[in-house]
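S.K.: Spelled out from the first residue to the last, the chains are:
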Amino acid sequence: MKDVIRLFGPLVLWLASFSAIYGLQAVMCRNGWDHILLIVAFGLAIALQAVVLLGLASRRYGASAGFVRRTSLALGVVGLIAVIWTIGPVVFLSAFAAG
Amino acid sequence: MCLSTLTLLLLGGCTQELSIMHPAGPAAATIATLWWVLLVGAVAIFTLVMVLLLLAFRARDAADSSDHSHERRWIVGLGLAFPVTVLAALLVYGLSIGERLMPSAAPDLVTVGAEARQWAWRFTYADLPDRETHDVLHIPAGTPIDVQITTADVIHSFWVPRLAGKLDAIPGHVNVLRIEADLPGEYDGVSAEFSGVGYRAHEFTVVAHDSAGWSAFIAGEIP
Amino acid sequence: MNALRRHRALSRIWASDRSWRRGFTTVNHSDIGRMFLVLAVVYFFIGGILAMLIRAQLASPRSPFMGPEIYNQVFTMHGTIMMFLFAIPLFEGLAVYFLPKLLGARDLAFPRLTAFGFWCYAFGGSMLLFSLVAGIAPDSGWFMYPPLSSTLGSPGINPDFWLIGITFVEISAICAAVEITVSILRYRAAGMSLSRMPIFAWYALITSLMILTGFPPLILGSLLLELERAFGMPFFQVEHGGDSLLWQHLFWLFGHPEVYIIFLPAAGVISTILPVMARTTLLGYWWVVVAAIALGVLSFGIWVHHMFATGIPHLALAFFSAASTLVAVPTGIQVFAWLGTIWKGRPQMHLPMLWVVGFFATFVIGGLTGVMVAVVPFDWQVHDTAFVTAHLHYVLVGGFVFPMLAALYYWMPHMTGRRRFFKLGEAAFWLVFIGFHGTFLLMHWVGLLGQRRRIDTYDAGSGWEVINLISSVFSFIMAIGFVLVLIDVIVNAAVRSRGPRNPWRAGSLEWAMPIPPPAYNFASLPVVASRDALAASPDLAVRLARGEGYLGTPRDGQRETLTVDIAAGTPNGIVVYPRNTGLPMLMAFVTGGVFLGMLIKAYWLIPLAGIGVTALALRWVWTLGHQADRGLQDAGHGLMLPYAAETDDPPGWWGSVFLLLANATFFGCLLFGYAFLWTVAPNWPPPAWATAGWISLASVAMGAIVGPFGIRWAIFTVRRGRKSAVGLGAALVGCVGLIAGAASVLMSMPDPTRHAYDATVWVLGGYALFHAALATLMTGFLLARAACGFMPPRRLGEARIVQLWIDYAAFIALVVVAVTFAPGLLS
Numbered sequence: 001m002k003d004v005i006r007l008f009g010p011l012v013l014w015l016a017s018f019s020a021i022y023g024l025q026a027v028m029c030r031n032g033w034d035h036i037l038l039i040v041a042f043g044l045a046i047a048l049q050a051v052v053l054l055g056l057a058s059r060r061y062g063a064s065a066g067f068v069r070r071t072s073l074a075l076g077v078v079g080l081i082a083v084i085w086t087i088g089p090v091v092f093l094s095a096f097a098a099g
Numbered sequence: 001m002c003l004s005t006l007t008l009l010l011l012g013g014c015t016q017e018l019s020i021m022h023p024a025g026p027a028a029a030t031i032a033t034l035w036w037v038l039l040v041g042a043v044a045i046f047t048l049v050m051v052l053l054l055l056a057f058r059a060r061d062a063a064d065s066s067d068h069s070h071e072r073r074w075i076v077g078l079g080l081a082f083p084v085t086v087l088a089a090l091l092v093y094g095l096s097i098g099e100r101l102m103p104s105a106a107p108d109l110v111t112v113g114a115e116a117r118q119w120a121w122r123f124t125y126a127d128l129p130d131r132e133t134h135d136v137l138h139i140p141a142g143t144p145i146d147v148q149i150t151t152a153d154v155i156h157s158f159w160v161p162r163l164a165g166k167l168d169a170i171p172g173h174v175n176v177l178r179i180e181a182d183l184p185g186e187y188d189g190v191s192a193e194f195s196g197v198g199y200r201a202h203e204f205t206v207v208a209h210d211s212a213g214w215s216a217f218i219a220g221e222i223p
Numbered sequence: 001m002n003a004l005r006r007h008r009a010l011s012r013i014w015a016s017d018r019s020w021r022r023g024f025t026t027v028n029h030s031d032i033g034r035m036f037l038v039l040a041v042v043y044f045f046i047g048g049i050l051a052m053l054i055r056a057q058l059a060s061p062r063s064p065f066m067g068p069e070i071y072n073q074v075f076t077m078h079g080t081i082m083m084f085l086f087a088i089p090l091f092e093g094l095a096v097y098f099l100p101k102l103l104g105a106r107d108l109a110f111p112r113l114t115a116f117g118f119w120c121y122a123f124g125g126s127m128l129l130f131s132l133v134a135g136i137a138p139d140s141g142w143f144m145y146p147p148l149s150s151t152l153g154s155p156g157i158n159p160d161f162w163l164i165g166i167t168f169v170e171i172s173a174i175c176a177a178v179e180i181t182v183s184i185l186r187y188r189a190a191g192m193s194l195s196r197m198p199i200f201a202w203y204a205l206i207t208s209l210m211i212l213t214g215f216p217p218l219i220l221g222s223l224l225l226e227l228e229r230a231f232g233m234p235f236f237q238v239e240h241g242g243d244s245l246l247w248q249h250l251f252w253l254f255g256h257p258e259v260y261i262i263f264l265p266a267a268g269v270i271s272t273i274l275p276v277m278a279r280t281t282l283l284g285y286w287w288v289v290v291a292a293i294a295l296g297v298l299s300f301g302i303w304v305h306h307m308f309a310t311g312i313p314h315l316a317l318a319f320f321s322a323a324s325t326l327v328a329v330p331t332g333i334q335v336f337a338w339l340g341t342i343w344k345g346r347p348q349m350h351l352p353m354l355w356v357v358g359f360f361a362t363f364v365i366g367g368l369t370g371v372m373v374a375v376v377p378f379d380w381q382v383h384d385t386a387f388v389t390a391h392l393h394y395v396l397v398g399g400f401v402f403p404m405l406a407a408l409y410y411w412m413p414h415m416t417g418r419r420r421f422f423k424l425g426e427a428a429f430w431l432v433f434i435g436f437h438g439t440f441l442l443m444h445w446v447g448l449l450g451q452r453r454r455i456d457t458y459d460a461g462s463g464w465e466v467i468n469l470i471s472s473v474f475s476f477i478m479a480i481g482f483v484l485v486l487i488d489v490i491v492n493a494a495v496r497s498r499g500p501r502n503p504w505r506a507g508s509l510e511w512a513m514p515i516p517p518p519a520y521n522f523a524s525l526p527v528v529a530s531r532d533a534l535a536a537s538p539d540l541a542v543r544l545a546r547g548e549g550y551l552g553t554p555r556d557g558q559r560e561t562l563t564v565d566i567a568a569g570t571p572n573g574i575v576v577y578p579r580n581t582g583l584p585m586l587m588a589f590v591t592g593g594v595f596l597g598m599l600i601k602a603y604w605l606i607p608l609a610g611i612g613v614t615a616l617a618l619r620w621v622w623t624l625g626h627q628a629d630r631g632l633q634d635a636g637h638g639l640m641l642p643y644a645a646e647t648d649d650p651p652g653w654w655g656s657v658f659l660l661l662a663n664a665t666f667f668g669c670l671l672f673g674y675a676f677l678w679t680v681a682p683n684w685p686p687p688a689w690a691t692a693g694w695i696s697l698a699s700v701a702m703g704a705i706v707g708p709f710g711i712r713w714a715i716f717t718v719r720r721g722r723k724s725a726v727g728l729g730a731a732l733v734g735c736v737g738l739i740a741g742a743a744s745v746l747m748s749m750p751d752p753t754r755h756a757y758d759a760t761v762w763v764l765g766g767y768a769l770f771h772a773a774l775a776t777l778m779t780g781f782l783l784a785r786a787a788c789g790f791m792p793p794r795r796l797g798e799a800r801i802v803q804l805w806i807d808y809a810a811f812i813a814l815v816v817v818a819v820t821f822a823p824g825l826l827s
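So the sequences go chain by chain: A, B and C.
Using our numbering, read the first sequence as starting at 1 and increasing by one per residue.
Using our numbering, read the second sequence as starting at 1 and increasing by one per residue.
Using our numbering, read the third sequence as starting at 1 and increasing by one per residue.
No lab work stands behind these hints: they were computed from the structure.
Every residue, glycine too, gets a C-beta built ideally from N, C-alpha and C.
There may be inaccurate statements among the hints.
As the list claims (entries may be wrong) - Some chain B residues well away from chain A (every beta-carbon gap over 10 Å; in silico):
1. Ala88
2. Leu95
3. Thr143
4. Val207
What the hints assert, rightly or not - Which bits of chain C does chain A cover? Going by a derived footprint, with three or more residues having C-beta under 8 Å, they are:
5. 182 to 195
6. 292 to 299
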């Protein structure tokens with residue numbers, strides 16, 4: 001079961017960060033908070049994802065050598081790329097220009 | 001050859017009033033260009049994939065290279081590097097267009113209201129508080145317009161294909177769409193959100209006036 | 001025991017009932033898989049007839065064929081039937097029939113649950129079919145947006161058929177998903193580690209996990225909309241603090257994963273069939289697994305791309321545009337892995353391969369138009385036009401129907417044991433392929449010219465007449481093609497022409513048995529040392545028939561299979577399956593009473609049926625379990641294993657874990673809905689926040705501590721050989737405390753129709769109450785078990801299952817109380 005968590009974990013973390021930041025953006029719009037908050041959240045999401053990747057690579061939390069190890073590490077990298085790609089727009093788009 | 005003839009036939013012989021490929025305003029023009037870029041790109045990629053598929057069926061010797069070199073070529077090169085590059089470029093292109101189309105401050109901005117209901121439209125004018133028109137929206141040509149879209153009952157959508165993309169009318173919300181007509185004329189609009197048995201005929205017309213015509217409208221001279 | 005005697009003994013033990021009772025009492029996965037497949041195909045043809053009606057209507061301008069009232073029902077039901085009653089059940093049927101065979105097991109994890117799932121599908125589907133025949137079918141579009149689908153836009157009964165019938169069918173999907181997940185993780189051949197699993201098993205695992213997390217948002221949305229329609233709880237009504245956008249979020253949180261739930265099994269089929277047709281192995285198995293997992297999870301982060309035109313701020317849309325483009329990368333990896341597989345192999349154009357090529361030509365177009373609509377400004381023009389209709393048919397027909405037809409022809413020799421002689425299939429392929437493209441290719445164009453979706457007709461002079469006529473003509477060609485496929489299958493299945501056992505020379509385990517397969521699949525269970533076990537030892541079928549695998553000797557007339565360790569595949573238990581029973585069908589029928597009561601507003605029926613379900617469920621679980629430990633058993637070749645029921649994590653425990661995953665997703669969506677309405681809906685804050693008495697807070701706190709502690713104490717004492725009464729009694733008290741706490745939440749909201757906050761709190765309270773009551777019932781059950789001597793130290797599996805549910809009830813009670821009363825306390 002731990003292997004199932006190692007495999008799906010990184011991308012589930014991405015989904016959580018992504019959804020949280022989407023929600024944060026909605027709350028910010030309503031309450032008029034500063035855009036910088038989104039950038040901070042973005043940085044936090046990248047950091048969390050990197051921590052998970054390091055954890056998967058470590059001997060203590062990662063799988064022992066073999067298929068699950070390689071696959072979980074690859075998915076860890078995918079999770080990191082996903083965070084940068086999908087939340088990256090906060091860096092170069094205005095927050096509230098709405099239709 | 002066949003396809004281009006067909007295209008011209010289909011394009012030439014049709015009425016263009018709701019066509020997104022016949023833009024009459026800056027927003028629609030930007031999106032029309034985007035469409036042609038997407039089409040060219042898609043046709044190119046599809047052709048590439050089909051050619052590879054056909055070539056894959058040609059006879060060859062049993063083991064001409066190892067699985068590993070195949071993996072590198074197909075999966076890393078074609079499956080990973082190629083899509084990532086194309087998609088990243090496309091994303092940046094698309095997002096920058098989207099950003100540009102957002103309503104932004106403009107000195108000569110005119111604001112109108114569009115309230116949808118089953119199955120008619122009621123338009124109001126910020127410059128003419130007591131005036132409302134039904135199923136016909138009057139705007140000045142060559143001027144940015146903010147349309148404040150609302151609904152009196154279910155979800156509808158405000159769409160004038162030749163001028164801009166669509167925006168929904170959601171109960172309890174006011175959605176603002178930026179449109180602009182380059183030239184005076186009449187432009188067809190429809191509601192683009194299914195709303196029941198009268199949906200099909202839930203249409204309206206946008207009449208863009210030249211400056212004289214708009215002054216006349218403001219003065220109350222146009223019914 | 002020789003092979004023939006073994007076959008006879010096993011056949012006797014595993015046989016389903018004879019004659020007319022067979023369908024109603026069978027729990028065998030091959031029987032039920034076939035039933036799913038046949039019914040799904042029936043619904044495909046019904047949905048197809050509806051499609052023909054649509055095309056007949058749209059063939060000419062101002063057509064008098066159907067008025068909008070009927071047309072709206074027809075297109076709504078076409079989409080609904082195809083998505084819910086055809087596509088998902090077809091995957092279920094394929095998975096139920098083939099997974100045990102592919103994995104080297106004798107059946108799935110919970111055979112009675114498989115049957116129950118089928119009957120829920122059959123009964124729920126018939127509700128919808130009834131509405132269609134009676135002319136009162138849902139008519140607000142397959143995605144049922146309120147206010148149009150709510151009391152404002154549709155005061156009649158039509159949408160209720162959808163909301164209630166589809167939810168009934170979704171029970172089937174959730175059951176199948178729980179079962180498939182547990183089966184793939186634990187019911188495999190000895191030595192089949194995760195990396196040696198057939199690729200289809202990976203796809204099925206991912207799909208099942210997606211069903212468990214993707215269907216709950218829709219179940220919640222349907223519940224809320226039905227509560228609004230039936231009782232006036234204003235979740236989607238702006239005047240009372242609701243918002244119609246909440247439905248859209250909940251629907252598409254389901255809807256987008258849904259289309260990947262449909263696509264992934266088809267991709268699994270391609271990954272299985274294509275290498276066999278190319279006489280090689282799949283290129284980049286590892287890459288494909290990574291890509292499939294990535295695709296499965298990424299697909300949950302793109303739902304707002306169905307809402308690009310709703311006025312959400314551009315930055316938010318950008319997140320989803322980015323995610324929607326990213327999702328094309330794992331898709332591309334799979335496509336190029338498949339192309340590379342053909343390239344490195346020696347492909348042969350058998351009929352399954354023809355359909356695979358058809359898939360490539362079609363799905364790639366669909367994927368490309370999908371990337372187009374992921375670009376926000378472009379979507380602003382083509383959203384709700386025929387362009388999107390064309391796109392979705394390209395990906396769904398190209399990406400699901402074509403691969404499933406390849407699967408049909410690939411596995412037909414296995415299911416029937418016959419060789420295909422009647423060569424109608426090739427002609428049928430060309431008719432379908434040409435017919436499909438003729439129908440839908442130009443449809444993109446007419447969408448760009450401004451033709452909207454869901455219009456019942458159009459004007460002469462619009463410029464759309466020629467394309468619509470072409471579409472309609474070719475749609476009839478496609479329909480004829482599908483009918484030819486049906487004829488081809490029926491004739492080939494009926495005519496006697498015995499075929500070879502492994503006509504495609506495939507390497508996967510399902511071909512290592514006699515065909516058509518016996519009820520028990522494998523006479524003895526294989527030991528696997530590589531990914532293509534049959535390729536590694538071509539005489540495997542004969543050796544297994546001779547008893548060289550595990551569990552080759554029937555014991556006490558029991559139906560047995562092995563469970564294995566999740567990662568490495570080492571055998572760790574023996575499972576004994578139930579015998580034929582009509583209980584699942586009866587249970588599904590009584591469950592239908594709950595839904596029927598809601599539908600026809602005979603509300604007295606609901607608690608009555610609820611009691612019936614509870615009684616049947618108690619009977620269902622009581623029949624499991626033994627009063628004495630039976631110790632280690634010989635699994636063959638000297639391997640001694642315990643019965644899985646005598647371990648700490650029996651299959652039922654794993655089933656509960658995954659069911660709780662779906663349950664927790666449902667609860668998470670409920671919390672999301674609460675937060676969404678609070679933040680986005682106009683007309684907040686509500687007239688009054690809920691206030692808590694200290695008694696209710698105390699009882700929840702007590703329950704949340706005593707309940708989980710009590711059950712753990714009970715397990716602890718039993719392990720030491722003492723009685724569990726004290727622990728179980730404490731657990732019971734704790735559960736009652738949770739009931740009291742949940743009831744106080746409900747009672748704080750005397751009028752749930754007043755505001756969306758009131759309604760939400762009411763639902764939260766009801767949810768907590770339901771789970772507290774469930775935990776209480778389960779604890780009571782355990783007390784009865786203990787009293788009858790069913791809880792000796794080695795069989796704590798049931799207690800550990802109950803522990804899961806008590807923990808869950810405690811957790812959500814705490815959260816519900818917190819989110820209900822916190823706003824009032826803070827302000």
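S.K.: If a hint holds in the structure, say so; if it does not, say that too.
M.R.: How the hints compare with the structure:
Against chain A, the non-interface label of B/Ala88 is violated: not every CB pair exceeds 10 Å, the least being about 8 Å. The claim that B/Leu95 is not at the interface with chain A is violated, since a C-beta of that chain comes within 10 Å of its own (minimum 6 Å). Every beta carbon of chain A lies more than 10 Å from that of B/Thr143, the smallest distance being close to 19 Å; the non-interface claim holds. The Cβ of B/Val207 lies farther than 10 Å from every Cβ of chain A, with a closest approach of about 23 Å, so its non-interface assignment holds.
Counting residues of the stretch 182 to 195 of chain C whose C-beta lies closer than 8 Å to any C-beta of chain A gives 4; at least three are required, and the coverage claim holds. Coverage of the stretch 292 to 299 of chain C by chain A holds [criterion: at least 3 residues with CB-CB distance below 8 Å; count 4].
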